[in-house]
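In case it helps, UniProt numbering puts the sequence shown at residues 1 to 652.
Calculated from the structure, these hints are not laboratory results. Please note that a few of the clues may not be correct.
To be verified - With a straight-line Cα cutoff of 16 Å, these simulated EDC-like cross-link-like pairs (lysine to aspartate or glutamate) come out:
id, residue 1, residue 2
1, K144, E70
2, K149, E196
3, K106, E70
4, K252, D224
5, K106, D224
6, K144, D224
7, K106, D194
To be verified - Computed Cβ-Cβ distance ranges for the label pairs, DEER-style:
id, residue 1, residue 2, range
8, I282, E73, 50 to 56 Å
9, F72, R117, 45 to 51 Å
10, G379, S420, 51 to 57 Å
11, E70, I485, 57 to 63 Å
12, S131, V593, 35 to 41 Å
13, P31, Y76, 33 to 39 Å
14, E70, F200, 35 to 41 Å
15, L351, L159, 41 to 47 Å
16, D146, G83, 17 to 23 Å
17, L351, Y423, 26 to 32 Å
C-beta: ideal position from N, C-alpha, C; glycine also.
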Amino acid sequence: MSSEKFKVAPKESLAYQYGGNHSTGWLGYVPARWLPYIQLARLSPPVGLFLIYIPHSFGLLYAAIRQRAEPFEVAYASLLLFGASFFVSNAIHIWNDLIDAPLDAKVERTRNRPIPRGAVSPSAALIFSASQAVCAALFLPLLKGDVAKNTILSAPGFLAWLYYPYAKRHTYWTQTVLGICLSWGIVVGAVALDVEPYSFQTGQVDIPLLLLFIASTLWTMLYDSVYGFQDLEDDVAAGIYSMAVLFQYNIKLVFWLIVAMIAAALGNMGYYAGMGALYYIISVGGTTAFLIIGMIPPPTVVNNQNRHYGVVAGITVLGFVSIALTLLRLRCRYVSRTIGYDDYAIIPALLLYSGWTAMALYVNINAGVGKPLWEITLGEFVVWFKGIVGSTLLYPIMSASIRTSILMFYLRIFGQAVTSVRYTVLALLVLQGVYVIVYMILPAFIAKPFNKIWQPLERGKYMNDWYYYYTQVALFSTSMAFDIILLVLPIHPVTQLQMTVKKRIGVIAIFICGAAASVTAAYKLAIFVTQMERYTKIDPRWLQYEMSTLVPPQFDEYGKTFWIPSQVEPSVALIGAALPALYPMVQGAMHRVMATISSISSTASSGSRTRSHPESQDCQPRRQTPEKSLLQSNDGSYIELDDIAPSRPGRL
Numbered sequence: 001m002s003s004e005k006f007k008v009a010p011k012e013s014l015a016y017q018y019g020g021n022h023s024t025g026w027l028g029y030v031p032a033r034w035l036p037y038i039q040l041a042r043l044s045p046p047v048g049l050f051l052i053y054i055p056h057s058f059g060l061l062y063a064a065i066r067q068r069a070e071p072f073e074v075a076y077a078s079l080l081l082f083g084a085s086f087f088v089s090n091a092i093h094i095w096n097d098l099i100d101a102p103l104d105a106k107v108e109r110t111r112n113r114p115i116p117r118g119a120v121s122p123s124a125a126l127i128f129s130a131s132q133a134v135c136a137a138l139f140l141p142l143l144k145g146d147v148a149k150n151t152i153l154s155a156p157g158f159l160a161w162l163y164y165p166y167a168k169r170h171t172y173w174t175q176t177v178l179g180i181c182l183s184w185g186i187v188v189g190a191v192a193l194d195v196e197p198y199s200f201q202t203g204q205v206d207i208p209l210l211l212l213f214i215a216s217t218l219w220t221m222l223y224d225s226v227y228g229f230q231d232l233e234d235d236v237a238a239g240i241y242s243m244a245v246l247f248q249y250n251i252k253l254v255f256w257l258i259v260a261m262i263a264a265a266l267g268n269m270g271y272y273a274g275m276g277a278l279y280y281i282i283s284v285g286g287t288t289a290f291l292i293i294g295m296i297p298p299p300t301v302v303n304n305q306n307r308h309y310g311v312v313a314g315i316t317v318l319g320f321v322s323i324a325l326t327l328l329r330l331r332c333r334y335v336s337r338t339i340g341y342d343d344y345a346i347i348p349a350l351l352l353y354s355g356w357t358a359m360a361l362y363v364n365i366n367a368g369v370g371k372p373l374w375e376i377t378l379g380e381f382v383v384w385f386k387g388i389v390g391s392t393l394l395y396p397i398m399s400a401s402i403r404t405s406i407l408m409f410y411l412r413i414f415g416q417a418v419t420s421v422r423y424t425v426l427a428l429l430v431l432q433g434v435y436v437i438v439y440m441i442l443p444a445f446i447a448k449p450f451n452k453i454w455q456p457l458e459r460g461k462y463m464n465d466w467y468y469y470y471t472q473v474a475l476f477s478t479s480m481a482f483d484i485i486l487l488v489l490p491i492h493p494v495t496q497l498q499m500t501v502k503k504r505i506g507v508i509a510i511f512i513c514g515a516a517a518s519v520t521a522a523y524k525l526a527i528f529v530t531q532m533e534r535y536t537k538i539d540p541r542w543l544q545y546e547m548s549t550l551v552p553p554q555f556d557e558y559g560k561t562f563w564i565p566s567q568v569e570p571s572v573a574l575i576g577a578a579l580p581a582l583y584p585m586v587q588g589a590m591h592r593v594m595a596t597i598s599s600i601s602s603t604a605s606s607g608s609r610t611r612s613h614p615e616s617q618d619c620q621p622r623r624q625t626p627e628k629s630l631l632q633s634n635d636g637s638y639i640e641l642d643d644i645a646p647s648r649p650g651r652l
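Generate the whole structure from the sequences, applying the supplied hints.
Next comes the structure, spelled out in structure tokens:
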């Protein structure tokens with residue numbers, strides 16, 4: 001597909017403002033001889049200033065949390081960093097324009113900048129840039145800590161800025177260099193409160209600060225690559241290197257990879273820094289969701305293909321929440337030393353679910369889902385078909401793995417007391433193995449020979465479409481039956497538990513997740529049956545009984561009728577399986593919140609009180625007032641159960 005279809009010219013006002021030759025607004029009151037220098041420093045609009053200051057504030061806030069700094073101290077350091085950022089912004093914009101002047105003259109958007117148009121001489125620009133750099137350096141002695149050490153830690157950022165204009169001539173990864181330049185402000189911001197990224201005495205690196213630096217660098221790579229597309233044609237003609245030039249209109253997959261890496265960096269930063277649940281929800285989840293939404297273009301901008309981007313967003317959110325909660329579950333079990341066989345079983349389920357999510361995203365982004373039938377390309381149809389076949393092979397193993405983990409959990413908490421539950425669970429575990437074997441073998445007969453299953457254009461010769469559809473209906477019917485059994489299996493023993501209201505709420509939440517999985521499985525089965533009925537009503541004399549002569553009628557809505565239900569079912573199952581293990585963490589978090597509120601309202605001084613590291617409390621249940629659950633066994637006696645998760649590790 002040619003790039004011409006996607007080409008959208010930038011708004012003239014936007015290109016005019018960020019081209020370095022803006023002269024409207026308050027600049028209309030500036031003396032004419034000053035105007036070129038203000039344009040050179042990009043003082044209007046001050047976007048560059050804030051792009052430099054924001055990373056400094058990231059580092060400052062991280063250091064403030066770590067040092068438990070006083071608000072006045074943070075405000076003072078913030079003002080110093082803002083003043084320094086002002087002069088740094090001026091210096092680097094002038095230096096960049098000075099070195100880029102020969103290239104700027106070849107680009108439509110930048111050819112009227114002050115140096116290319118002759119309004120400022122190169123020597124004057126060099127002196128102006130040096131003066132601004134000196135002014136920025138004068139702020140270093142005002143920062144907290146040793147001046148020499150602060151200077152040494154700030155120097156790499158200065159050297160990176162000196163090199164940045166030349167990077168456009170040397171490497172396609174110019175945005176990576178820019179990301180390092182801007183993100184070094186995080187280091188300077190941390191140094192402003194005497195937090196060292198690297199200890200010269202011990203040789204230790206501040207891992208959370210390093211991960212924050214990486215996330216900021218990736219973020220810069222993302223937004224500056226988008227910004228670079230407005231100059232793409234001119235950059236190619238002028239020989240200017242950038243990620244936009246390297247990947248051009250195939251860069252979307254790179255963007256998704258960068259978003260995933262940003263989420264991973266922020267998540268790991270929270271882990272190493274001992275952040276609480278709110279950090280993961282707001283900082284990690286909020287940032288990731290914001291970037292994902294930003295990746296979805298409006299219908300009239302750039303990639304106008306009218307795809308179901310809502311499906312992509314839904315799959316991404318479900319995948320992120322399910323994977324994050326499952327990882328939190330494993331971490332809590334590890335910290336509290338209550339790892340059991342159900343936790344070991346969830347690990348392959350998590351890996352398979354991650355693979356399924358990646359495949360679902362790839363198909364919905366690259367297979368033309370949601371496009372009008374007459375716009376679907378041959379390549380998109382091939383991707384769509386391979387995704388459907390791949391889901392047929394992956395779905396049984398993934399769903400069986402998740403159910404196996406849930407069954408092992410039932411065996412863990414009910415198996416001792418209720419013999420019928422124990423035998424039922426063991427029988428269902430055997431059936432899960434049979435389920436996987438059967439539904440991995442059945443697809444082998446869809447095409448003869450089997451390797452033709454990946455060649456949709458030859459389906460008419462080698463494939464039996466009716467066999468495929470009936471196999472799918474059988475697969476979803478069996479899966480729905482298992483989901484319903486898993487839903488009703490614990491109802492009888494749970495009704496015998498003498499539980500507190502809080503525990504009953506937790507059980508109800510798990511039950512709701514199971515019910516959602518069952519309803520979703522039934523919905524997906526109904527969709528397939530409806531599609532088969534629709535297909536049978538098509539005149540067979542015209543189609544000659546072969547689907548290969550027609551793009552499937554459900555293609556336009558397939559994202560909503562197949563991929564979303566197929567994502568919801570395992571997602572809610574994973575979430576439901578994670579909830580019991582997260583109960584102690586939620587309980588500990590609520591205890592700390594209540595303790596914080598109590599300490600604030602108390603008149604006594606809180607300075608002498610110490611707070612434990614979050615990692616040591618998050619996953620530890622409160623033991624001061626233990627609450628026991630009683631379960632009536634088959635002989636009429638009562639057995640004590642440890643809430644939902646047992647205290648003895650690996651107990652079956």
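Right, here's what the structure says about each hint:
1. K144 with E70: holds (13 Å)
2. K149 with E196: holds (9 Å)
3. K106 with E70: Cα-Cα ~51 Å, so violated.
4. K252 with D224: Holds, because 14 Å separates the two Cα atoms, which is no more than 16 Å.
5. K106 with D224: violated (20 Å)
6. K144 with D224: Roughly 32 Å between the alpha carbons, so the hint for K144 and D224 is violated.
7. K106 with D194: This hinted pair is violated, its Cα atoms lying about 45 Å apart.
8. I282 with E73: 50 to 56 Å: Cβ of I282 to Cβ of E73: about 24 Å, so the range 50 to 56 Å is violated.
9. F72 with R117: 45 to 51 Å: holds (47 Å)
10. G379 with S420: 51 to 57 Å: The hint (51 to 57 Å, Cβ to Cβ) holds, given that G379 and S420 are roughly 54 Å apart.
11. E70 with I485: 57 to 63 Å: holds (59 Å)
12. S131 with V593: 35 to 41 Å: violated (51 Å)
13. P31 with Y76: 33 to 39 Å: Holds, since P31 and Y76 (Cβ atoms, about 34 Å apart) stay within the stated range.
14. E70 with F200: 35 to 41 Å: This hint is violated: roughly 26 Å between Cβ atoms.
15. L351 with L159: 41 to 47 Å: holds (42 Å)
16. D146 with G83: 17 to 23 Å: This hint holds: roughly 20 Å between Cβ atoms.
17. L351 with Y423: 26 to 32 Å: holds (30 Å)
Violated hints, listed in ascending order, are 3, 5, 6, 7, 8, 12 and 14; each of the other numbered hints is respected by the structure.
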